[in-house]
Amino acid sequence: MAIHERSLVEPERILRKERLVIDGIDVSGDWNLIILPRVINDYDLDFAKEIVNSPDGKTINQCYQCSYCTASCPVHNYWDERYNPRHFIHLARLGLIDELQKRADVMWRCVSCHKCTHRCPKGVLVEEVLKVILRTMAKRGLIEEYPSKKFDKFFTEQVLEYGRIEDGELLFGWIEKQGYKVVKDPILRKPIPFIGETPEWLKQLTMKPIKSMNIGFLILNAKHMLFHPRTKNWNKFKHVLRKVMEEEGALAH
Amino acid sequence: MGVIGKRVAYYPGCSLEGAARAYDVSTRIVARELGLELDYLEDYNCCGAMESKNVTFMGTMLLNARNMSLARKQGHDVIVAPCNGCSFSLQRAEYFLETDKSVFERVNALLREGGVDPLDKIPHTYHILEWFYHEAGPQKVKEKTKRPLRGLKVANYYGCLYTRPHFYARTYAHAGGQDEDARPRKRDTADDDEHPYYMNALLEAAGATSVNFEPMHTQCCGGPHSLSDEMVSEKFVMMILQTAKRNGADIIATECPLCHASLEMYRHRLMMKGVPDVDVPAAYFTQLLGLAFGYSANDVKLKDNLSDPLPVLKRLGLA
Ligand code: SF4
Ligand code: SF4
Chain A
17 MAIHERSLVE
27 PERILRKERL
37 VIDGIDVSGD
47 WNLIILPRVI
57 NDYDLDFAKE
67 IVNSPDGKTI
77 NQCYQCSYCT
87 ASCPVHNYWD
97 ERYNPRHFIH
107 LARLGLIDEL
117 QKRADVMWRC
127 VSCHKCTHRC
137 PKGVLVEEVL
147 KVILRTMAKR
157 GLIEEYPSKK
167 FDKFFTEQVL
177 EYGRIEDGEL
187 LFGWIEKQGY
197 KVVKDPILRK
207 PIPFIGETPE
217 WLKQLTMKPI
227 KSMNIGFLIL
237 NAKHMLFHPR
247 TKNWNKFKHV
257 LRKVMEEEGA
267 LAH
Chain B
615 MGVIGKRVAY
625 YPGCSLEGAA
635 RAYDVSTRIV
645 ARELGLELDY
655 LEDYNCCGAM
665 ESKNVTFMGT
675 MLLNARNMSL
685 ARKQGHDVIV
695 APCNGCSFSL
705 QRAEYFLETD
715 KSVFERVNAL
725 LREGGVDPLD
735 KIPHTYHILE
745 WFYHEAGPQK
755 VKEKTKRPLR
765 GLKVANYYGC
775 LYTRPHFYAR
785 TYAHAGGQDE
795 DARPRKRDTA
805 DDDEHPYYMN
815 ALLEAAGATS
825 VNFEPMHTQC
835 CGGPHSLSDE
845 MVSEKFVMMI
855 LQTAKRNGAD
865 IIATECPLCH
875 ASLEMYRHRL
885 MMKGVPDVDV
895 PAAYFTQLLG
905 LAFGYSANDV
915 KLKDNLSDPL
925 PVLKRLGLA
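Residue numbers (the numbering used here), protein chains in the order written: chain A, 17 to 269; chain B, 615 to 933.
Be careful, since some hints might not be right.
One side of the interface only, derived from the structure: several residues of chain A facing chain B at Cβ under 8 Å [as the list claims (entries may be wrong)]:
{"id": "1", "residue": "156"}
{"id": "2", "residue": "168"}
{"id": "3", "residue": "220"}
Estimated spans, in silico, between C-beta atoms of each pair [what the hints assert, rightly or not]:
{"id": "4", "chain 1": "A", "residue 1": "264", "chain 2": "B", "residue 2": "735", "range": "19 to 29 Å"}
{"id": "5", "chain 1": "B", "residue 1": "657", "chain 2": "A", "residue 2": "203", "range": "44 to 54 Å"}
{"id": "6", "chain 1": "B", "residue 1": "649", "chain 2": "A", "residue 2": "22", "range": "52 to 62 Å"}
{"id": "7", "chain 1": "A", "residue 1": "121", "chain 2": "B", "residue 2": "688", "range": "31 to 41 Å"}
{"id": "8", "chain 1": "A", "residue 1": "192", "chain 2": "B", "residue 2": "849", "range": "44 to 54 Å"}
Honestly, the hints are just simulated from the structure, not real lab data.
We put the CB at the ideal spot given by N, CA and C, even for glycine.
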């Protein structure tokens, strides 16, 4: 494979000599940079196949590497240049798993803004494809648990259980997962917002409706926190939902 | 005008029945004033938002198909959602159900198994802003305005998923793609994809002035990562708030409860850190329209906004 990606050249393989003399001729400046060849023979072609076979990943092969997605991406532009959707697609199609793994620390950072998908001239569902890449890596144990995945699972479990989401439980449940000591009432085991060891900003924000005597707001949210809103007739449907998710291995890892 | 229908299924989404009740209340007020009718979708479930889709594909199809089925049961072809996340999820399901036959069949079989009516027809989902614009429009807003938002400089924040991606939101006719059926078609009523202006138009009709807010009007607020990736979200929100402030905005108008919550939460955190130019408060565009239609600050639940837009509105004599 011709390496046309600068980032596939590891720093160890770039040799630069200060002075280079060949056959008595000083060639420094022209010939003093040598890149050692790299042989890659562990392509995993099944990886791309698995992606193509999923309904949300099948557009991956339409990509012609124009990089419009990367140019649009706010995570690439405003956070970390190593986050590069075009490159991830390239690596996934080639099946260069170890190169993907090297980027595992940034790959989860996609905020699902869909600028990439919107602008891709080839009709690749870029955001979906990136998530399928991550999902496939997770399925094969190639990537460790990352924060957004923890949150996604936490969220989905709440949907599965109740059919609905409740902001308070989501927020405080997540804070608790971050290692804060959230105080809960002894009977229903629901978090009490104003005491306990929560971040300062959260404390201040929860105090706001109290300070402004916004009684209606407080009562509504307290009620929802104590008695989680539920979808009626949910049980039979929940069963099917759980089955489908288990089939996909969604809850396992 | 008038291509969506005056009476539609209303999918509020979980958020609007809890922390974002101000959006729900003010939306109902505005709809009533504009002569439109929202038919509450009974017993709906969560759309899975931007989170569940990363864990399970079929699961999110099912979650949304169940809601579509409920809408069909109530006799509707059109669902309207006030949240970017909800309208995105429903439109995404619509896209896959329409373009992938195997998904459609599987979903219908599973719906039946779960005791829900299978889909005879796939209802279309619109964002509530698009619906307001097309079924009522700026003219109607102008007629209804009793207390113009004179002097109020608004930064109209649309967020990501209102017009994006065009595959789901159908905001842009695209020639690419190998599969003829999967090619996106533009919807007649769709807002401009890169430069949305419906909210500008409605609020301007109510007397407000829009400030230049490009390109941050469609910049991400951190979205599904606003709790799980705090550093990135904080930076994104900082860019949004500072752009608004430095372009002279008094207030940011929002049209999504998640964007709104994210802006308010990080606004507070940024202010605690002493970051300059981030103190612009946020209000739902329906709250501002409600005020213009003569409702009080209490009616549109302005107190619920944690960023406290009341002082600014009071100073201008609007609340
Ligand atoms: S914009 Fe589309 S075609 Fe271009 S690199 Fe990205 S995915 Fe590939
Ligand atoms: S959806 Fe993800 S990859 Fe695409 S532009 Fe947004 S952050 Fe970047």
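Verification of the hints:
no. : hint                      : in the structure
1   : 156                       : violated (16 Å)
2   : 168                       : holds (4 Å)
3   : 220                       : holds (7 Å)
4   : A:264 - B:735: 19 to 29 Å : holds (27 Å)
5   : B:657 - A:203: 44 to 54 Å : violated (28 Å)
6   : B:649 - A:22: 52 to 62 Å  : holds (60 Å)
7   : A:121 - B:688: 31 to 41 Å : violated (47 Å)
8   : A:192 - B:849: 44 to 54 Å : violated (25 Å)
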